[in-house]
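One line per chain: the protein sequences are W and V, in this order.
For the first sequence, our numbering begins at 1 and goes up steadily by one.
For the second sequence, our numbering begins at 1 and goes up steadily by one.
These are computed hints drawn from the structure, not numbers from a lab.
It should be emphasised that the depicted structure is a prediction, and the values quoted were computed from it without experimental measurement.
Wrong hints could be hidden among the right ones.
Intra- or inter-copy, both count: the list cannot distinguish identical chains.
Calculated pairs, SDA-like style, for lysine to any residue (alpha carbon to alpha carbon, straight line, at most 20 angstroms) [as the list claims (entries may be wrong)]:
1) LYS43 x ARG145
2) LYS60 x ASP216
3) LYS159 x THR212
4) LYS178 x ASP103
5) LYS60 x ALA184
6) LYS159 x GLU175
7) LYS159 x PHE169
8) LYS60 x SER172
9) LYS159 x SER123
10) LYS159 x ASN78
11) LYS60 x SER20
12) LYS159 x LYS225
13) LYS60 x GLU113
14) LYS159 x ALA203
15) LYS60 x GLN138
16) LYS43 x SER185
17) LYS159 x GLY81
18) LYS159 x SER108
19) LYS159 x GLY57
20) LYS60 x HIS137
21) LYS225 x SER190
Number of protein chains: 2
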Amino acid sequence: MTSRKVVSFENIKVACKNCSLATLCLPMGLTPDDVERLDGIIKRGRPYHRGDHLYRGADKFHSLRVITSGSVKTYSPNEDGGEQVLGFHLPGELIGLDAIQDDSHTCSAIALETTAVCEIPFSQLESLSCIMPSLQHQMYRLLSREIGQETEMLTLLGKKSAEERLATFLLSFSERFKQRGFSASDFFLSMSRHEIGNYLGLAVETVSRLFTRFQDENLLRVERKHVQLLDIPRLYDIVQGCDSAKSTQSRG
Amino acid sequence: MTSRKVVSFENIKVACKNCSLATLCLPMGLTPDDVERLDGIIKRGRPYHRGDHLYRGADKFHSLRVITSGSVKTYSPNEDGGEQVLGFHLPGELIGLDAIQDDSHTCSAIALETTAVCEIPFSQLESLSCIMPSLQHQMYRLLSREIGQETEMLTLLGKKSAEERLATFLLSFSERFKQRGFSASDFFLSMSRHEIGNYLGLAVETVSRLFTRFQDENLLRVERKHVQLLDIPRLYDIVQGCDSAKSTQSRG
DNA sequence: AAAACCACTTGATCCACATCAAGAATTTCT
DNA sequence: AGAAATTCTTGATGTGGATCAAGTGGTTTT
């Protein structure tokens, strides 16, 4: 998220074939020819600023979106003014899949920092996927993956302790940054403690206390949005829920 | 689930075009010709008995499945022997969508009672959907709907009280039975209290106590698996989370 | 640079729900 | 049918994390 781009974009036409995210994104596994055809329907607008909405719940659905830089929060506003944070999305990730169902968005998406996206008009994508079986297959896989990820989140919210939730959260970012070529152990989180808590089903205070405790236990160093993971293996132990994680140090 | 079939199957070839579930199921919105073609790839085996697995986590994925009678629980076994119940599925519902991602099942599915299913070999479905845009569209919609439903579940587990969870659970069954032509207010639940609790992120005891309390408050009558909803509007009030639900009527 | 605001932290208290425990009602086994 | 196991209910007690409250430090406004 707040990491510098390594690649210079000078003189490079913005297109899937030149995009470093292609292996994570919709073109994943497509032939160069197919990527070219997919590229033909993609729109690239100007970036969003922090706080701008990419779309809001009940907006008419026309495009899927892939984050190309920055980060995005999706959330569903609930009846009484509150919201449920549904996810934080990094470059290469596809959002808006929930809106296919009835042609209107069921949740909102907002930029957490300066953020660029590719827009993929869905009706065109659909037509294209009819004549490109590999694209169709890729779409099915991505939709299925989204389902699998939400399933994991159900287990997190249904069964895990606050400690396990935060460890899972941190390792998820660690892995995703690593996939994108950034440090797995040193990164900036673009969302607030409040948003983390909302996402994980915890109060802000609990999140704050856990950060402090993890730091006291030398699992990480944290200063505001900047996080350094010092003991990733032990964080994985915590995620497992086996209190053997605590053996190294102790606990009451 | 434990409701009698209204339609006699004598002399009716088992096929989508004669199936009373067609409007809820994959054929929804397809032309009769298209339904015929879809029907051509569907396999119908003999029924499963209570406790039989339709598939298990890590099984190779080959088919999606639609429940045609009975009911099914899906769950993901977690590391330490426990499980997270992911859903309870009624006739017309499609399961196995999470397995498309990498050709292997990520969760398990088990029959809660005598249960019949249609199997839809996925590779054939994929081929067919390439030449039947309306089927492709239907698939995208069903996958998207699944995502939307899991999203609602995230809010349930992240933000709702035990009371709200059980009310939501009951109304979900009420609506789904109604859609299927059964009573919205009088039905049998095929799963145990333990399974309900697991699904809702609650202890068995909490579920049991809530049933008792709802009964004391004349919201419903319950005897073992048999549930009669006596005040559906008030259950909806509870789902909203406004405690004005407890005043005889009204809304905050 | 002071003022106002906001995100975050830390401590004290509370409570919804888990856990523990024991009995009652059912179902399954022999 | 009787025994054993399972499921469900109910009561007593415990606790993880919410809520309440009061700073603290950083950021924006003027």
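Query raised in the report: Which hint numbers does the structure go against, in order from smallest to largest?
Result: Violated: hints 1, 2, 3, 4, 5, 6, 8, 9, 11, 12, 13, 16.
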